[in-house]
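The primary structure of each chain is shown beneath.
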Amino acid sequence: SQQGEEDPQALSIQEGENATMNCSYKTSINNLQWYRQNSGRGLVHLILIRSNEREKHSGRLRVTLDTSKKSSSLLITASRAADTASYFCATDSNDYKLSFGAGTTVTVRA
Amino acid sequence: GAVVSQHPSRVICKSGTSVKIECRSLDFQATTMFWYRQFPKQSLMLMATSNEGSKATYEQGVEKDKFLINHASLTLSTLTVTSAHPEDSSFYICSARGGQSNEKLFFGSGTQLSVL
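Protein chains in written order, with this note's numbering: chain C, 88 to 197; chain X, 914 to 1029.
Honestly, the hints are just simulated from the structure, not real lab data. Please note that a few of the clues may not be correct.
[As the list claims (entries may be wrong)] For each label pair, taking beta carbons as the anchor points, the in silico distance ranges come out as:
| hint | chain 1 | residue 1 | chain 2 | residue 2 | range |
| --- | --- | --- | --- | --- | --- |
| 1 | C | N117 | X | G966 | 24 to 30 Å |
| 2 | C | S155 | X | E1000 | 38 to 44 Å |
| 3 | C | T151 | X | E972 | 29 to 35 Å |
| 4 | C | K113 | X | S918 | 30 to 36 Å |
| 5 | X | S967 | C | E102 | 45 to 51 Å |
| 6 | X | F952 | C | Y183 | 40 to 46 Å |
| 7 | C | L162 | X | Q1025 | 36 to 42 Å |
| 8 | C | T194 | X | L939 | 28 to 34 Å |
[To be verified] Where chain C lies over chain X, by a calculated footprint (3+ residues, C-beta under 8 Å):
| hint | stretch |
| --- | --- |
| 9 | 928-936 |
| 10 | 975-981 |
| 11 | 984-995 |
[To be verified] Calculated lysine to any residue pairs in the SDA-like style (CA-CA distance at most 25 Å, straight line):
| hint | chain 1 | residue 1 | chain 2 | residue 2 |
| --- | --- | --- | --- | --- |
| 12 | X | K968 | C | S180 |
| 13 | C | K184 | X | L959 |
| 14 | C | K184 | X | H998 |
| 15 | X | K968 | X | R950 |
| 16 | C | K113 | X | Q973 |
Even for Gly, the Cβ is constructed at its ideal location relative to N, Cα and C.
Produce the complete structure using the sequences and hints provided.
Below is the structure:
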């Protein structure tokens, strides 16, 4: 079942700008993960943040997690045309399944 | 990292035929695999959890006789769409947990099914 809600649904930015997208969820989690999907392809894992962590970095990616608000954000800094993709958050609860959000489609204009 | 291979990448078939999709974990053993369905510009909908050596667990509303899942080995799960109809046309993706802590999902590249 789908737990996460993401906003915005779509985002269009200029190359070099930052892209921020948000994810909200409903139940308690063990961790929250972000995935990327290029059109017509499978998903690729980007970053995982555990419920006891507040912020995590990986290259140009920065993820925050606020468990009190049940929300997370993904920031892509200095975006490139190759960052054009759909981005999904996924929550990992106690049932061994990941629940995916609706996704944010990011378009980076050259 | 862990690699999941999914075949075929695209299938076009006539209404009433059955289609088999394979999902293989190439460099790790996957006791559990997941099958998703995705409509254009939408999120992934979990269809079923495939368990090696036992019956798959289907999500509510997914017909188990329509979508047959077989997980006969630690590296292979198959999804068969039986008697496919145009409404079954969709993007099907498999995944398996892997990595050091088994928390991440590794995805196949997906299968686009078009039923005429």
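Unsatisfied constraints (hint numbers, rising):
Going through the list in order, the structure violates hints 6, 7, 9, 10, 11, 14 and respects the others.
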